[in-house]
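Novice: In the order they appear, the protein sequences are chains A and B. Residue numbering for the first sequence follows UniProt numbering, starting at 1 and increasing by one per position. Residue numbering for the second sequence follows UniProt numbering, starting at 1 and increasing by one per position.
Read the hints as simulated data drawn from the structure, not as lab findings. Don't take every hint at face value.
No copy is singled out in the list; a pair is fine if it fits within one copy or between any two copies.
Once the Cα atoms are required to be at most 27 angstroms apart in a straight line, the calculated DSSO-like pairs of lysine-lysine come out as [stated by the list, open to error]:
1. 314 - 166
2. 63 - 210
3. 63 - 317
4. 196 - 337
5. 179 - 222
2 protein chains.
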Amino acid sequence: MKLVVSLAVCLISAGSVFASSSLIQKAKNSRLEAIPATQEALMKLIDDKNDPITKEKVELGKKLYFDPRMSKSGLISCNTCHNLGLGGADGIPAAIGHGWTANPHHLNSPTVYNSVFFKAQFWDGRSPHLADQAQGPVQAGPEMAAPPKLVEDRINSIAEYVQEFKGAYGDDVKIDFEKITATIATFEKTLVTPSKFDDFLNGDENALNKEEKEGLVTFIDKGCTSCHSGIALGGTMQPFQIAAKYKFTNVGDFKGDENGMVKTPTLRNITETAPYFHNGQIWSLSEAVKEMGSTQLGIKIDDNDAAKIVTFLKALKGDKPEIIYPQLPESSINTPKPSAN
Amino acid sequence: MKLVVSLAVCLISAGSVFASSSLIQKAKNSRLEAIPATQEALMKLIDDKNDPITKEKVELGKKLYFDPRMSKSGLISCNTCHNLGLGGADGIPAAIGHGWTANPHHLNSPTVYNSVFFKAQFWDGRSPHLADQAQGPVQAGPEMAAPPKLVEDRINSIAEYVQEFKGAYGDDVKIDFEKITATIATFEKTLVTPSKFDDFLNGDENALNKEEKEGLVTFIDKGCTSCHSGIALGGTMQPFQIAAKYKFTNVGDFKGDENGMVKTPTLRNITETAPYFHNGQIWSLSEAVKEMGSTQLGIKIDDNDAAKIVTFLKALKGDKPEIIYPQLPESSINTPKPSAN
């Protein structure tokens, strides 16, 4: 009898620790959530009845997102630091912007993909949503360095843009800085990347293979979901142990919000967005996993468990929306000129 | 009888100076050429039997064209200065590259669209073709600042790129700097933008309206085709009167090739690629037309004629190939790191 039980345990271990259906339940109990499987359910989640997502706004927002004339120099677009071909980020440790200036706090550019699911924007969470967030980098001296009036004058001087704003919002639209950046945010809301992990959570028990399921179990059991939860597996403010013991404290002086809280990065598409952490000082994903174990969770995650977790994280790589590179409307003779200084 | 003749002349003037069919002939006699109307004829013109254009090479070349990891900093791609959404150029007077360095000769970034039709590349014509040209900016310190070995090490460290090179060239491909830049050039060859002017030259007499035809006549009669001819309406080396009398000589120290010859810019999509001239010092297209009249042709082109010519130039705006923004392959842990310095 004893032998039979051991054998049964062995077989279960060789398969997966949980039957898939109970693993789905375990993941949900750990506050992991799927991107909704249907467009209707997704829209219910991300749409704003006061500023509904429409095809016209998304197309216009896409143009503005890719348009370097949103910056003082005429060289830097949203896509420069949040590159939709590079996992929605820039692949460098600290953002570099206008005048080749590095971010003064040595902060790493977070991905724009799935940022609609974040509860707060920016590393210190100071923005409640994307429309508010989009106003920041455009104006910031070390980023795009464009005062609101310059952006408004540029866009209003370009006839085709004016027409498209009217098409999106009606003929009496006031094309001001808030409207322009809100339109970019509407485009950004559509940058959602469903993965096989979502298929799994949505009920397809075979969407993850055995190793990925083991990785998911390890991810949960080690406590990673205490911060990396929700649809984004991140995007909420958490007490990041940076000031006390984080070994990269000497790179940059970033401290989080007034309570020392820091926005947890999303883990979706994480294999595409090295280097990691707020100051981009770690390039290896397994090293990052082990570092979070010791720094945040106070446990040692060994190489074996780190590899399992990385296997799960790879399953978070999602399908990117197809983006047709936009043809941007021509400047006019009245368009304020770019300035590199 | 005299009255009748005058009336007839009047009517002809009010319509167009030439019957369309003879205007097509006049344009061809002035060495203006159409982009071929069929894909077959176009391929015959641009394809290279030693390195044939294939779907695999074009797709791979597109990724490399958009990949900022082609630069030392990881921030600058070919598309930064030759932006396919901005007429294939950057919209600023002098190119700015690595370290926010302006082009040392204050040279303006020329468009990549239709550059396959140029007889020489670079303002001083020092490159005979695109594959040779593409090697320059990648390495140039004030542009992408990436030594060939860095580029080779980066691309060879990215498994998906290696696979795609094998798919494009065969399993024994050597992925060296020449192969990488030649692949970019193969993509660039496809950046051809047929316009209604081509439809006209190819026999559709109604493709240009009356004003555009008048503009074409003025363009030819004023002598613009003495330099702006061929398919590109430019792209050949011509004696540019810069040193002697060009009023912008004090901006930059560019002198052309050893004979003082300068590559004539293409006029295709010219409304999208302000500012104009080698040093980007003129923003108004009609001003540029008048300047060329006095500087190059030794004639005064008045406002009226300049406006006519500009009307014709607008008809050179072509249809851009649809570009699906590429998802770039992930770096590996062995990929040489970006460096902003």
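Novice: Are the hints correct? Go through all of them and say.
Specialist: Status of each hint after checking the structure:
With identical chains, the CA atoms of residue 314 and residue 166 are at most 27 angstroms apart between copies only, with a shortest distance of 25 angstroms across copies and 42 angstroms within one. Taking the closest pair of Cα atoms, residue 63 and residue 210 never come within 27 angstroms of each other, the shortest separation being 42 angstroms inside a single copy and 33 angstroms across copies. For a Cα distance limit of 27 angstroms, the shortest separation of residue 63 from residue 317 qualifies both inside one copy, at 25 angstroms, and across copies, at 19 angstroms. For a Cα distance limit of 27 angstroms, the shortest separation of residue 196 from residue 337 qualifies neither inside one copy, at 46 angstroms, nor across copies, at 30 angstroms.
When the C-alpha separation of residue 179 and residue 222 is checked against a cutoff of 27 angstroms, the pair qualifies neither within a copy, at 44 angstroms, nor between copies, at 46 angstroms.
Hint compliance for this structure: hints 2, 4, 5 are broken, all remaining hints hold.
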